[in-house]
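Undergrad: Chain by chain, the residues run as shown.
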Amino acid sequence: MSVESQKNKASGALREINVGYIARVEGEGAIRINSEGGKISRLEVNVWEPPRFFEGFLVGRKYDEVPDLSGRICGICSTSHQLTSIYALEDAMGIHESAQTRTLRKLMALGSFIMNLAVHIYVLEAPDYFRKGSVFGLIPEHLEVVKKAIRIKRVGNELASLIGGRPTHPVSLVVGGFSSLPSTQALRDFLPKIQEIKQDALDTLRIIAGIKRPDFESLCEHVALSDPPQYAINMGNLVSTRGMNIPPEKHDDVFRSKFVPHSNALHYYVEGRDSFMVGALPRVNLNYAHLSADARKTAEESGLKFPAFNPFYGMAARAVELVSMVDEAVEILGTLKVREEKPEVKTCAGKGYAVTEAPRGALYHAYQVDEKGVVEFADIVTPTAHHVYNLEKDLWKFVPTTEDLPLDDATLFCEMLVRAYDPCFSCSVH
Amino acid sequence: MKKAIVAVYKFGSCAGCQLELLNYEEGLLDLLELVDFAQFYEATRDNRPGPYDLGLVEGAIISPDQVEVIKKAREDCKVLVAVGACATTGGVPALKNDHEVGSLLTRVYPGNEKDIETLNSGKGIDAYVKVDYYLQGCPVERSEILELVHALFLGRRPDLKPWPVCMECKMKENVCLVVSRSESCMGPVTRAGCGALCPTFGRPCYNCHGPMSNPNPKALMDVFAAQGLSTEDIVRKFTGYAREMEPFKKGIEEYVSRVTEK
Chain Z
9 MSVESQKNKA SGALREINVG YIARVEGEGA IRINSEGGKI SRLEVNVWEP PRFFEGFLVG
69 RKYDEVPDLS GRICGICSTS HQLTSIYALE DAMGIHESAQ TRTLRKLMAL GSFIMNLAVH
129 IYVLEAPDYF RKGSVFGLIP EHLEVVKKAI RIKRVGNELA SLIGGRPTHP VSLVVGGFSS
189 LPSTQALRDF LPKIQEIKQD ALDTLRIIAG IKRPDFESLC EHVALSDPPQ YAINMGNLVS
249 TRGMNIPPEK HDDVFRSKFV PHSNALHYYV EGRDSFMVGA LPRVNLNYAH LSADARKTAE
309 ESGLKFPAFN PFYGMAARAV ELVSMVDEAV EILGTLKVRE EKPEVKTCAG KGYAVTEAPR
369 GALYHAYQVD EKGVVEFADI VTPTAHHVYN LEKDLWKFVP TTEDLPLDDA TLFCEMLVRA
429 YDPCFSCSVH
Chain F
7 MKKAIVAVYK FGSCAGCQLE LLNYEEGLLD LLELVDFAQF YEATRDNRPG PYDLGLVEGA
67 IISPDQVEVI KKAREDCKVL VAVGACATTG GVPALKNDHE VGSLLTRVYP GNEKDIETLN
127 SGKGIDAYVK VDYYLQGCPV ERSEILELVH ALFLGRRPDL KPWPVCMECK MKENVCLVVS
187 RSESCMGPVT RAGCGALCPT FGRPCYNCHG PMSNPNPKAL MDVFAAQGLS TEDIVRKFTG
247 YAREMEPFKK GIEEYVSRVT EK
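Each protein sequence line maps, in turn, to chains Z and F. Under our numbering, the first residue of the first sequence is numbered 9, with each subsequent residue one higher. Under our numbering, the first residue of the second sequence is numbered 7, with each subsequent residue one higher.
In short, the hints are calculated from the structure, not lab data. Ideal Cβ positions, reconstructed from N, Cα and C, are used throughout, including at glycine. Don't take each hint at face value.
Now the stretches of chain Z that chain F is said to cover, found in silico as 3 or more residues with beta-carbon under 8 angstroms [unchecked claim]:
1) 56-65
2) 144-156
3) 266-273
4) 276-285
Label pairs and their calculated CB-CB ranges [unchecked claim]:
5) Z/Val353 <-> F/Glu252: 30 to 38 angstroms
6) F/Val85 <-> Z/Tyr29: 19 to 27 angstroms
7) Z/Ser169 <-> F/Ser236: 30 to 38 angstroms
8) F/Pro168 <-> Z/His270: 54 to 62 angstroms
9) F/Ser236 <-> Z/Asn245: 34 to 42 angstroms
10) F/Cys182 <-> Z/Ile254: 43 to 51 angstroms
11) Z/Ser169 <-> F/Val85: 54 to 62 angstroms
12) Z/Glu349 <-> F/Ser188: 17 to 25 angstroms
13) Z/Phe267 <-> F/Glu74: 46 to 54 angstroms
Please construct the entire structure, taking both the sequences and the accompanying hints into account.
TA: In structure tokens form, the structure reads like this:
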């Protein structure tokens with residue numbers, strides 16, 4: 009125990025960890041923690057991002073504009089919101105996707121994931137482990153690593169653009185399929201690009217596996233989509249480490265929300281149980297066997313072991329996913345033969361539900377539409393809304409382990425735990 | 007060359023426009039030779055107070071505390087730029103302006119309506135402060151941010167595109183969706199810059215870049231009506247991404263009153 013902390017304890021010193029605007033996360037949130045002699049008197053993940061009321065203003069909008077509008081919940085995972093919205097609207101109107109549409113939607117999601125995983129690992133989370141304020145700070149000493157990060161991110165964005173026109177708020181994804189299809193040749197021509205980043209992805213996994221993580225465990229419930237033998241992204245049932253197994257339409261029967269005054273994001277929990285975690289770590293824990301062989305082999309060679317319940321292990325889970333998703337994109341780009349298909353939509357009244365895995369975890373959209381396909385009711389629960397309550401509970405357990413550290417370090421470690429959850433506060437409030 | 011001190015601000019938005027800064031990819035390394043991001047919370051933990059040479063503002067003003075922050079931003083920044091649809095016109099967050107705020111609060115926070123601070127309507131930042139430049143688009147075009155930064159360095163006016171998406175469609179030799187497929191394309195009134203992305207990808211433009219300079223919404227509304235669109239559908243077309251912009255607001259009012267008179 010350090011001299012400072014002995015003094016703190018002896019005097020029952022007051023300590024305040026106050027980060028008013030958490031950096032390197034999506035959106036706006038704060039952490040406010042007061043303790044006295046190691047005993048916490050107040051702890052808040054204060055999500056102060058103001059609401060935009062998507063669930064209110066989507067009412068009255070039509071099915072052909074809703075995916076584009078709901079995509080505006082989040083710039084970085086607009087693809088996930090668009091896809092989830094499309095699936096829920098198709099469910100409401102009894103539309104079934106073709107096998108080709110399913111594969112191309114998966115490929116689109118993979119492009120978005122590859123970009124997101126690279127951004128999260130290198131831009132948002134890793135700089136702390138190098139004691140840098142940002143990825144910009146890594147440039148002087150680690151230019152080659154930064155270039156690796158940019159290459160992976162760029163190719164992910166280019167893949168999303170190939171299918172969707174642009175990475176942020178793509179344009180070709182519509183209810184019923186795609187407004188425009190890539191040619192088979194365009195997919196094959198893209199293969200060398202994605203193959204080129206395979207090595208970067210493997211290097212990333214080895215670098216991240218080798219990073220020393222804070223020693224902390226949180227045995228909470230982990231929830232993710234499952235769709236064996238696929239590594240589930242766009243469809244499946246929600247399963248958990250406590251035996252949950254439900255289709256998307258049962259979401260509201262199992263998950264409950266409550267309002268807390270310090271958060272514009274609602275707190276979700278499992279009915280009759282407790283808070284839970286979503287995201288890369290639960291996905292890898294629950295679907296490990298369905299990752300690509302190379303991803304699993306490299307993870308094991310690098311000393312990673314799943315299931316893992318240290319939230320700081322999430323960055324390693326993302327790196328494992330990165331390799332697996334590059335492999336999966338290579339497979340689709342090399343084999344899919346695209347034939348001409350046109351979206352066909354006959355509107356009808358109905359209610360529909362969808363859950364997908366967004367890069368940050370399980371994402372739920374539900375809509376009720378009238379016979380013209382105009383929205384009468386919308387409900388959206390994002391990954392960060394799902395688990396911000398769990399993050400707050402993890403901080404309660406984690407903060408006492410930092411009491412021996414100087415305040416600056418303790419503050420940094422608390423921020424690191426927040427970033428390990430990869431929150432999107434913009435999404436969580438929407 | 008002395009670097010420009012740049013601050014990135016976020017208000018009610020999806021963070022997609024600031025993401026576009028990171029999406030310069032390899033070009034970001036070059037951009038960092040020109041600018042020093044003194045405030046950019048999404049990308050760095052090292053943020054420092056103003057004054058700044060350039061403020062890039064993303065997002066609509068949707069809550070009371072944001073009004074104070076944007077006023078302070080104006081004081082702190084020599085040049086203040088509205089980046090993207092939300093900051094320029096209110097964008098998608100302004101869709102709440104169709105609804106009574108109490109009902110929105112009850113929809114999302116039933117029983118806790120009084121705990122949430124929100125403004126009755128979402129607006130672009132120029133409802134509160136003077137804006138030096140507007141970069142339209144949802145998201146903003148990366149090329150237009152670069153053009154702006156270059157222009158500021160060279161002391162000239164940025165060369166932004168005031169003409170409609172139709173120009174870019176012609177340059178791409180796209181077949182016109184309105185003429186050939188009778189589709190309800192917003193291209194004729196929408197500001198260019200995207201490279202006619204939607205028509206190139208086989209779907210009608212949905213106006214994510216907002217109005218071009220001096221558009222003629224009335225003429226296009228009549229075309230849509232002749233195509234068989236209902237009044238509700240036509241209003242929806244013009245109220246997605248730039249509903250608060252004067253030419254569209256006026257166009258809708260006139261159209262609706264004309265139709266109701268009939």
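Undergrad: Confirm or reject each hint.
TA: To see whether the hints hold, each was checked on the structure:
Residues of the stretch 56-65 of chain Z lying with their CB closer than 8 angstroms to a CB of chain F number 7, which satisfies the three-residue condition for coverage. Under the rule that three or more residues need a Cβ within less than 8 angstroms of chain F, the assignment of the stretch 144-156 of chain Z holds, with 5 such residues. For the stretch 266-273 of chain Z, the stated coverage by chain F holds: 3 residues have a C-beta nearer than 8 angstroms to a C-beta of that chain, and at least 3 were required. A count of 0 residues in the stretch 276-285 of chain Z with a Cβ less than 8 angstroms from any Cβ of chain F is obtained; the coverage claim is therefore unmet, three being the minimum.
Checked against the given bound of 30 to 38 angstroms, the beta carbons of Z/Val353 and F/Glu252, roughly 34 angstroms apart, stay inside it. Between F/Val85 and Z/Tyr29, the C-beta spacing of about 23 angstroms keeps the proposed range 19 to 27 angstroms intact. Checked against the hint of 30 to 38 angstroms, the C-beta distance between Z/Ser169 and F/Ser236 comes to roughly 34 angstroms, which is consistent with it. Between F/Pro168 and Z/His270 the beta carbon distance is about 45 angstroms. The supplied range of 54 to 62 angstroms is therefore violated.
Between F/Ser236 and Z/Asn245 the beta carbon distance is about 39 angstroms. The supplied range of 34 to 42 angstroms therefore holds. Taken as a hint, the range 43 to 51 angstroms holds for the pair F/Cys182 and Z/Ile254, whose Cβ atoms sit roughly 48 angstroms apart. The hinted range of 54 to 62 angstroms is not satisfied by Z/Ser169 and F/Val85, whose Cβ atoms lie roughly 31 angstroms apart. For the pair Z/Glu349 and F/Ser188, the supplied restraint of 17 to 25 angstroms holds, since their beta-carbon distance comes to about 21 angstroms.
Checking the proposed 46 to 54 angstroms range against Z/Phe267 and F/Glu74 shows it is violated: the Cβ atoms sit about 25 angstroms from each other.
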